[in-house]
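K.L.:
The whole structure should be built from the sequences, with the hints applied where relevant.
Number of protein chains: 2
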Amino acid sequence: MNVKEETSQRVARTQQIIIESQADACIISSSVNQFYLLGFIFDGYLFIQPEGDPVLFIKRPNGIEGGNVTYIRKPEQISDLLHQRKIALPKKLMMENDILSFSTVSRLQTALGMPELMNVSGEMRRIRSVKSEYELTQMRECANIHARVYEQIPSIYRAGMTDIEFQAELEREMRLAGSAGIFRTFGENMDIFMGSVLAGDNAQAASPFDFALGGQGLSPLLPIGANGTKLIPGTTLMVDMAGNYRPWMSDMTRSFALGTVPEIAHKAHRVSIDICEAISATVKSGTPCADLYFLAEEMVRRNGLADYFMGTEQQAKFVGHGVGLEINEPPVLAPRSKEILQSGMAIAIEPKFVLPGIGAVGIENTYIVRNGGLEKITVCEEGLMVL
Amino acid sequence: MNVKEETSQRVARTQQIIIESQADACIISSSVNQFYLLGFIFDGYLFIQPEGDPVLFIKRPNGIEGGNVTYIRKPEQISDLLHQRKIALPKKLMMENDILSFSTVSRLQTALGMPELMNVSGEMRRIRSVKSEYELTQMRECANIHARVYEQIPSIYRAGMTDIEFQAELEREMRLAGSAGIFRTFGENMDIFMGSVLAGDNAQAASPFDFALGGQGLSPLLPIGANGTKLIPGTTLMVDMAGNYRPWMSDMTRSFALGTVPEIAHKAHRVSIDICEAISATVKSGTPCADLYFLAEEMVRRNGLADYFMGTEQQAKFVGHGVGLEINEPPVLAPRSKEILQSGMAIAIEPKFVLPGIGAVGIENTYIVRNGGLEKITVCEEGLMVL
Numbered sequence: 002m003n004v005k006e007e008t009s010q011r012v013a014r015t016q017q018i019i020i021e022s023q024a025d026a027c028i029i030s031s032s033v034n035q036f037y038l039l040g041f042i043f044d045g046y047l048f049i050q051p052e053g054d055p056v057l058f059i060k061r062p063n064g065i066e067g068g069n070v071t072y073i074r075k076p077e078q079i080s081d082l083l084h085q086r087k088i089a090l091p092k093k094l095m096m097e098n099d100i101l102s103f104s105t106v107s108r109l110q111t112a113l114g115m116p117e118l119m120n121v122s123g124e125m126r127r128i129r130s131v132k133s134e135y136e137l138t139q140m141r142e143c144a145n146i147h148a149r150v151y152e153q154i155p156s157i158y159r160a161g162m163t164d165i166e167f168q169a170e171l172e173r174e175m176r177l178a179g180s181a182g183i184f185r186t187f188g189e190n191m192d193i194f195m196g197s198v199l200a201g202d203n204a205q206a207a208s209p210f211d212f213a214l215g216g217q218g219l220s221p222l223l224p225i226g227a228n229g230t231k232l233i234p235g236t237t238l239m240v241d242m243a244g245n246y247r248p249w250m251s252d253m254t255r256s257f258a259l260g261t262v263p264e265i266a267h268k269a270h271r272v273s274i275d276i277c278e279a280i281s282a283t284v285k286s287g288t289p290c291a292d293l294y295f296l297a298e299e300m301v302r303r304n305g306l307a308d309y310f311m312g313t314e315q316q317a318k319f320v321g322h323g324v325g326l327e328i329n330e331p332p333v334l335a336p337r338s339k340e341i342l343q344s345g346m347a348i349a350i351e352p353k354f355v356l357p358g359i360g361a362v363g364i365e366n367t368y369i370v371r372n373g374g375l376e377k378i379t380v381c382e383e384g385l386m387v388l
Numbered sequence: 002m003n004v005k006e007e008t009s010q011r012v013a014r015t016q017q018i019i020i021e022s023q024a025d026a027c028i029i030s031s032s033v034n035q036f037y038l039l040g041f042i043f044d045g046y047l048f049i050q051p052e053g054d055p056v057l058f059i060k061r062p063n064g065i066e067g068g069n070v071t072y073i074r075k076p077e078q079i080s081d082l083l084h085q086r087k088i089a090l091p092k093k094l095m096m097e098n099d100i101l102s103f104s105t106v107s108r109l110q111t112a113l114g115m116p117e118l119m120n121v122s123g124e125m126r127r128i129r130s131v132k133s134e135y136e137l138t139q140m141r142e143c144a145n146i147h148a149r150v151y152e153q154i155p156s157i158y159r160a161g162m163t164d165i166e167f168q169a170e171l172e173r174e175m176r177l178a179g180s181a182g183i184f185r186t187f188g189e190n191m192d193i194f195m196g197s198v199l200a201g202d203n204a205q206a207a208s209p210f211d212f213a214l215g216g217q218g219l220s221p222l223l224p225i226g227a228n229g230t231k232l233i234p235g236t237t238l239m240v241d242m243a244g245n246y247r248p249w250m251s252d253m254t255r256s257f258a259l260g261t262v263p264e265i266a267h268k269a270h271r272v273s274i275d276i277c278e279a280i281s282a283t284v285k286s287g288t289p290c291a292d293l294y295f296l297a298e299e300m301v302r303r304n305g306l307a308d309y310f311m312g313t314e315q316q317a318k319f320v321g322h323g324v325g326l327e328i329n330e331p332p333v334l335a336p337r338s339k340e341i342l343q344s345g346m347a348i349a350i351e352p353k354f355v356l357p358g359i360g361a362v363g364i365e366n367t368y369i370v371r372n373g374g375l376e377k378i379t380v381c382e383e384g385l386m387v388l
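Protein chains in written order, with our numbering: chain A, 2 to 388; chain B, 2 to 388.
Just so you know, the hints here were simulated from the structure itself, not pulled from any lab data.
There's no promise every hint is true.
In this list, chains with the same sequence are indistinguishable; a pair is considered to hold if it fits within one copy or across any two.
To be verified - Derived DSS-like pairs: lysine-lysine, alpha-carbon spacing no greater than 25 angstroms straight-line:
(1) Lys92 / Lys339
(2) Lys75 / Lys339
(3) Lys75 / Lys268
(4) Lys60 / Lys268
(5) Lys268 / Lys318
(6) Lys75 / Lys318
(7) Lys87 / Lys377
(8) Lys5 / Lys75
(9) Lys339 / Lys93
(10) Lys92 / Lys268
(11) Lys60 / Lys318
(12) Lys231 / Lys339
(13) Lys339 / Lys60
(14) Lys231 / Lys92
(15) Lys285 / Lys75
(16) Lys268 / Lys377
P.N.:
Written out as structure tokens, the structure is:
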């Protein structure tokens, strides 16, 4: 299947949502959803009706052609332009209310004669959460590059480095391997730069953001991840850097021992691998997402590691999440999740431990959900490697 | 003045806005404005009344203490918590409507009994646009590091590199010099990763984003900047990478000739420097911002370079902008701008040219506006250097 057929199917799925929601139209403005539906992005409004080709109202860039393209300066022109195309103003309109600013949505609502608004963001995330074979191939390619970059970690590491010096070298390798740089996330509390490197007790620092672990960060405006901690013997180093080598991403964490580390670090790391393997051995399409969390939690408790699971002072209440065009897609693998695993979903499982005085340990892999079980796509040494 | 006095004055200025707007309260949730008003950020709501200390409703992180701090799980708790503090629900409420999502603002509005909403985003940007001496000192420090990093460009460059290979080495130097990585921008059409490197004809590629120049980019989801163009003799290389070494930033562009380039490249580059110097020699607090654009435009026309000014196929209609915690702060230096330069503003001036078959040339400097004129803080070789 080519990209054009892919995008046509995605538009058809969006039109199904419009019909099921009994709405008249949907407007898509976010980069991620425009790319998903068209294969490219623009500054403007993608207007989708229950049937027929979408109409593109474009502010920038110049040079996009087609019978369904109209250039505009401002949203107030859309009403007349719809009239010229003999399209009635929508009475019920779906928009990306979770993504676009209040001002942007309100202005468009006014420009279109105050239709009743419905939120399409969640539905778009739901359809994106089940991937096509084309998308899964991209994720496998991405995961493969992700693994090749991580394999360079032992040669990047030098005694006496700080976490940020180490991260800068790894970021360089990522960029040379084709990383887009920007790490796409969903939501208002998900700022991060290219991923997270956590050394020693910095892994305990609580962050305002909704990631699995925290870290103090380099700037008070970006309190997450590396903070300049020296990499010293007896502590651990956790690497959770972006797998953004394709628009569809992979998520992977590996941990390293700096010289000799206490036995509990090895034990907790082994439990993390065991949890991933236990989930992998039992989970498949149809499994409730909450069950993955309970399975992990039970193994953690049995090993007496509950105080260190997913943080210490602040503990994340999930053990994994969907991955795709954004790093945090549905489903979420959390105790209160109502979602059910479906074939074609891609999920990251990240049972992590933070050990005071030592640092973070554990792994994270990305898996594709199949009818028969999980397919691991982040294939890379999982043991606690000594640097 | 220490940070505490700084933040107190900023809160007082915000309270003045609430009073002038005849509102009852203001809620700040964005990272940039929380940092501006407190010196740190959290996931939650900063509730400010016309008088007295702000109240912090915090979801994450754990561990923030103080009599004005209350931990919450969701915004629906705020109404009761205000009541306990003997604070009446606001009837007129200012929120960051240009920044927060429609869903976030609507949910908070409902949780607080449907107050009338007013937008505070623009006013916050307006007060942030005039910097204190403390903030300007940060910008000077940042600009100084920015210049030291750019001075390494000749030693980074190697014949046969692509633009992205060059950029990866420069990003590494930036990170080792303390760059926060994330490049903070305002608005929904301002995605970028650490800045822009434009080589040869890639500078002509129109982008959906509102930056001065475009570039195809590496990914269809991030069509801006370097695209893998080989750095070849006879073309130019423009470097406009982030100056994010402090929360308050600097903006600077320098251009490079790869070997021998046509005379028009030298001429246009000289005109860019001349425009910066002419503006610097005549402009001061009290000058209308539009005048800076007209001055530049007149010099461009006189030199017969109008077809290449600020792009070719798509030309940006501004010659500069304010700089601060975000790279695009008020004022904008554009023909329709109604703003007047004020002492303490920091502005970037970037008269750039894109020459078909050659590439982009020109410079960008950051200046502080003073009563007597402009103070250039990005002090670094400006000529078209040959690599």
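K.L.:
With 25 angstroms as the alpha-carbon cut-off, assign the pair Lys75 and Lys268 to within, between, both or neither.
P.N.:
neither (59 angstroms within a copy, 37 angstroms between copies)
K.L.:
Please sort Lys231 with Lys339 into within, between, both or neither, judging by C-alpha distance up to 25 angstroms.
P.N.:
Close neither inside one copy (42 angstroms) nor across copies (50 angstroms); limit 25 angstroms.
K.L.:
Could you figure out if Lys60 and Lys318 sit no more than 25 angstroms apart (CA to CA) within one copy, between two copies, both or neither?
P.N.:
Only across copies: Lys60 and Lys318 sit 14 angstroms apart there, 42 angstroms inside one copy, limit 25 angstroms.
K.L.:
First find the shortest C-alpha distance between Lys92 and Lys268 inside one copy, then the shortest across copies, and answer within, between, both or neither for a cut-off of 25 angstroms.
P.N.:
Neither. Shortest intra-copy (60 angstroms) and inter-copy (57 angstroms) distances fail the 25 angstroms Cα cut-off.
K.L.:
Regarding Lys75 and Lys339, is the shortest C-alpha distance of 25 angstroms or less found within a copy, between copies, in both, or in neither?
P.N.:
between (41 angstroms within a copy, 19 angstroms between copies)
K.L.:
With identical chains treated as interchangeable, where does the CA-CA distance between Lys5 and Lys75 reach 25 angstroms or less: within a copy, between copies, both, or neither?
P.N.:
neither (29 angstroms within a copy, 42 angstroms between copies)
K.L.:
Should Lys231 paired with Lys92 be assigned to within, between, both, or neither, using CA atoms and 25 angstroms as the limit?
P.N.:
Classified as neither; 59 angstroms inside a copy, 51 angstroms across copies.
K.L.:
With identical chains treated as interchangeable, where does the CA-CA distance between Lys92 and Lys339 reach 25 angstroms or less: within a copy, between copies, both, or neither?
P.N.:
For Lys92 and Lys339, neither the intra-copy (32 angstroms) nor the inter-copy (37 angstroms) Cα distance is at most 25 angstroms.
K.L.:
Given a CA cutoff of 25 angstroms, do Lys87 and Lys377 count as a within-copy pair, a between-copy pair, both, or neither?
P.N.:
neither (50 angstroms within a copy, 55 angstroms between copies)
K.L.:
Between Lys75 and Lys318, at a C-alpha cutoff of 25 angstroms, which is it: within one copy, between copies, both, or neither?
P.N.:
between (43 angstroms within a copy, 16 angstroms between copies)
K.L.:
With 25 angstroms as the alpha-carbon cut-off, assign the pair Lys339 and Lys93 to within, between, both or neither.
P.N.:
Answer is neither: 28 angstroms inside a copy and 38 angstroms across each miss the 25 angstroms cutoff.
K.L.:
Quick one: Lys60 to Lys268, C-alpha cut-off 25 angstroms, is that within a copy, between copies, both, or neither?
P.N.:
Neither way: Lys60 and Lys268 sit 56 angstroms apart in one copy and 32 angstroms across, limit 25 angstroms.
Of the numbered hints given earlier, the model fails hints 1, 3, 4, 7, 8, 9, 10, 12, 14, 15; all others are met.
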